[in-house]
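Chemist: Sequence:
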Amino acid sequence: MHLLLSLRYLLNQATLCSHSVIGSSSLIGYAMLQNTARSPQGRPLFYLSLLDLFLGMSWLFGALLYNEEAATSASQEAACYNLQATGEIFYVASFLYTVNYTWHLYIDLKMKYNQNLQNRPPQILSYANYFGRTAIFLSGSVPLLLMVPVFGLGNYYECYQNFTAEHGCLLMHTEVKFIMGPHQHPCGVMFSYGIGVFFISFLASFIAILVLLLQARGLYKRFLNSTGYVGDQEWAMIKMVEQRVFLYPMIFFCCWGPAFILGIFRLTSLEHTRPYMGFCVLEALTASSQGLLNCAVYCWTQHTFRCLKRRACQDGETQTPLLRSQKRFYESTLPAAGRQVEAKSAAGSTAL
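Heads up: the sequence shown is residues 990 to 1341, going by our numbering.
Hints listed in this document are in silico derivations from the structure and should not be mistaken for laboratory results.
Check each hint, because a few of them may be wrong.
Computed beta-carbon distance windows for the label pairs [claimed, not checked]: (1) 1027 to 1258: 19 to 29 Å; (2) 1018 to 1127: 25 to 35 Å; (3) 1054 to 1147: 32 to 42 Å; (4) 1118 to 1064: 20 to 30 Å; (5) 1024 to 1250: 33 to 43 Å; (6) 1213 to 1254: 39 to 49 Å.
Pairs of lysine to aspartate or glutamate, EDC-like flavour, derived with a Cα cap of 20 Å [as the list claims (entries may be wrong)]: (7) 1099 to 1221; (8) 1298 to 1231; (9) 1210 to 1221; (10) 1210 to 1231.
We put the beta carbon where it would ideally sit given N, CA and C, even for glycine.
All chains, full assembly: derive it from the sequences and hints.
Modeler: Right, dumping it as structure tokens:
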């Protein structure tokens, strides 16, 4: 029975990680074909997809490396230990890149609000580009620096000997068997440090994303309650950004919330309870699916945007001459910056 459950867990991880790799690779390929990977709007999503790809590949490699018969192999213990540390770099970086992408979506929504309803020029564009580049660099380098002690001290003190190699290569494995010896204390510190990095980064990202989500929802409600004129294509663009600023944080919460709760169970020594087993299964289903779900949300919002834009064009063709003249009158009252944004909205839609 134990072997059957292990094989089922292994197959689930391999399947979901493969789907996540395919989904994130599709987004990366699409961004490169559309030449949007270097644009201010497309850059955050490109790097988020890149981290999803790296994370999925590391966990897929862990599933391929998994072998119960080699549980006593020192080389496999070391490989699984370093693979888990590498995976933590990737998923902590994905937390930060999710915050960065959510922030870019909020800034884009705020700029559209200021340009269309407040008639303000895009003064924060250059600041947002500079801050975005800095945030992308820090989101990738900070997790690497945080995990340097785990690599250096962990391998120096051979902490992988305390690592449970039976399942050590599968997903976010955090169980450790402490042994009596001179290295018990430093290895225990490294274990607690790695768990602490995950908890703190998740909570910080959770709070930041929640604040941005509430701010974006409030801004979207102001769009709905405003009396200013917003063009059809620009309104379709705003609707797409609003959907993404809600759905991408939801994916983050659904994918990593079970892993966070499971970590609490392990720290409080509740591994033998029924909820613990349920969260183990839930973590296996959610944590390895972020790349696939991000790809699904992107495709769905792009499809919705095209449908709204197509419907707006059809409505424009069926309008009476009086309605078309009224629409041209309202558009003529917009400032020059607003009209330029309206004209460029369709061309820049795929950049997000």
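Chemist: Does each hint fit the structure? Answer for all of them.
Modeler: Going through the hints against the structure:
1. 1027 to 1258: 19 to 29 Å: Taking Cβ atoms as reference, residue 1027 and residue 1258 lie about 49 Å apart, which means the hint is violated.
2. 1018 to 1127: 25 to 35 Å: holds (26 Å)
3. 1054 to 1147: 32 to 42 Å: violated (19 Å)
4. 1118 to 1064: 20 to 30 Å: With Cβ atoms ~47 Å apart, the hint is violated.
5. 1024 to 1250: 33 to 43 Å: holds (41 Å)
6. 1213 to 1254: 39 to 49 Å: holds (42 Å)
7. 1099 to 1221: holds (18 Å)
8. 1298 to 1231: holds (15 Å)
9. 1210 to 1221: Roughly 17 Å separates the two Cα atoms, so the pair holds.
10. 1210 to 1231: Answer holds: residue 1210 to residue 1231 is near 10 Å, not above 20 Å.
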